[in-house]
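Heads up: the protein sequence lines correspond to chains A and B, in order. Count the first sequence with the numbering used here and you get residues 4 to 227, in order. Count the second sequence with the numbering used here and you get residues 4 to 227, in order.
Heads up, some of the hints might be wrong.
Unchecked claim - Below, a list of computed lysine-lysine pairs in the BS3-like style, where the Cα atoms sit at most 25 Å apart: (1) B:K29 x A:K187; (2) B:K185 x B:K32; (3) B:K81 x A:K185; (4) A:K205 x B:K185; (5) B:K205 x B:K185; (6) A:K187 x A:K205; (7) A:K185 x B:K205; (8) A:K81 x B:K81; (9) B:K185 x A:K81.
Derived by calculation from the structure, the hints in this document are not laboratory data. Because the structure is a prediction, the values reported are computed rather than measured.
Number of protein chains: 2
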Amino acid sequence: MDPVKIIEIKKSVFEDNDADAGRLRKELKEKGVYLLNLMSSPGSGKTTTLIRTLNLLKDNLRIAVMEADIDSDVDAVKIKEATGIPSIQLHTGGMCHLDAEMTRQGLAGVEMDNLDLVVLENVGNLVCPAEFDTGACRNAMILSVPEGHDKPLKYPLMFSVCDVVVINKIDVLPYFDFDLDKCKEYIHMRNPKAQVIPICAKTGEGVEAFAQWILEEVKNWKQH
Amino acid sequence: MDPVKIIEIKKSVFEDNDADAGRLRKELKEKGVYLLNLMSSPGSGKTTTLIRTLNLLKDNLRIAVMEADIDSDVDAVKIKEATGIPSIQLHTGGMCHLDAEMTRQGLAGVEMDNLDLVVLENVGNLVCPAEFDTGACRNAMILSVPEGHDKPLKYPLMFSVCDVVVINKIDVLPYFDFDLDKCKEYIHMRNPKAQVIPICAKTGEGVEAFAQWILEEVKNWKQH
Chain A
4 MDPVKIIEIK KSVFEDNDAD AGRLRKELKE KGVYLLNLMS SPGSGKTTTL IRTLNLLKDN
64 LRIAVMEADI DSDVDAVKIK EATGIPSIQL HTGGMCHLDA EMTRQGLAGV EMDNLDLVVL
124 ENVGNLVCPA EFDTGACRNA MILSVPEGHD KPLKYPLMFS VCDVVVINKI DVLPYFDFDL
184 DKCKEYIHMR NPKAQVIPIC AKTGEGVEAF AQWILEEVKN WKQH
Chain B
4 MDPVKIIEIK KSVFEDNDAD AGRLRKELKE KGVYLLNLMS SPGSGKTTTL IRTLNLLKDN
64 LRIAVMEADI DSDVDAVKIK EATGIPSIQL HTGGMCHLDA EMTRQGLAGV EMDNLDLVVL
124 ENVGNLVCPA EFDTGACRNA MILSVPEGHD KPLKYPLMFS VCDVVVINKI DVLPYFDFDL
184 DKCKEYIHMR NPKAQVIPIC AKTGEGVEAF AQWILEEVKN WKQH
């Protein structure tokens, strides 16, 4: 069969956000606060993963969470109730991503001077959040098994900007055509240095490794 | 526990696209072509659902498919191979949505005069595509069981602009905390008239109902 026709549709231009993100990162460094930007599709289990992970970290780190969501405070309430960690909700008014200035507005709502780690749970979206540097020290993402192992082929930018990819819902691997080795291969096509951490947020399996990764990151950020 | 803090982050302004979408819909009406805009999260099974559905419709309707994707032609190739239906890929250059002008650029690549139905598979994203009228006659969306039944609470606009919500991957209902009745209730909070059609695209279960909905829609569009 012939190859399919491809039509190039032009992209809108958006403002440059990189300089501002660099400034925010410098401010975080001076304060010794590590900001982690956590991204994923809707329904990949970001909030459940965060609850499990933060419960492992909260005795060692002073933490706050910023939840970006469209029109509810469901996630921030859940996290606060399940971990006791201060959580704020960022209402983005339907925006599909956060940039550095929006992240800074959020940070004004947490007490940065008394924190080691702030986690930003970005809007559930594999496209736009990847295009905007939030000023975070690192980007992490969660890919869940039901979404399929081909996602790094279809959302290349997201996978190239992330330093760690958590693969969630491994408990349902038997029920989906998800090839973990192929997924790792595709992830490394986009970012050869990305760490891949398979977990099940529901049962807690593998979450320790993600918590350990964050702990090391925060230590390094404060020391160097 | 106290309610969580909410910070309102301002939204960027985007150009008005509604008039253009209205013009496109009028053109489609004059040509007797029905355009369906199909939206969902990444990995919800849009392409597999389309293949199943179009195979049921292709003897009754003259169909073309436009695939909007980020950086590959995987989906268009799959659809063309599995159905024989002409499929084109729209490269959006990383854009997170399609507006009416972008849709029009796509339609220039299919032979509208010989068609009854064009399906636009929008970018996998529950946020931005809902904000832009593509000029389609109707919006449909697919929500898959692993994403969770709370999605209408978290992505209200998407569910309010859709006339039909296909709930895919019902074969894995036993393995997820997904409450179908609650999901229907939440969908109807956003859009009381939305049709809800549970299916399993993998096995074909329920797909007949979605095909029937499309067939009726196309007939009505041509008659009135």
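### Query
In ascending order, which of the hints set out earlier in this document are inconsistent with the structure?
1, 2, 8
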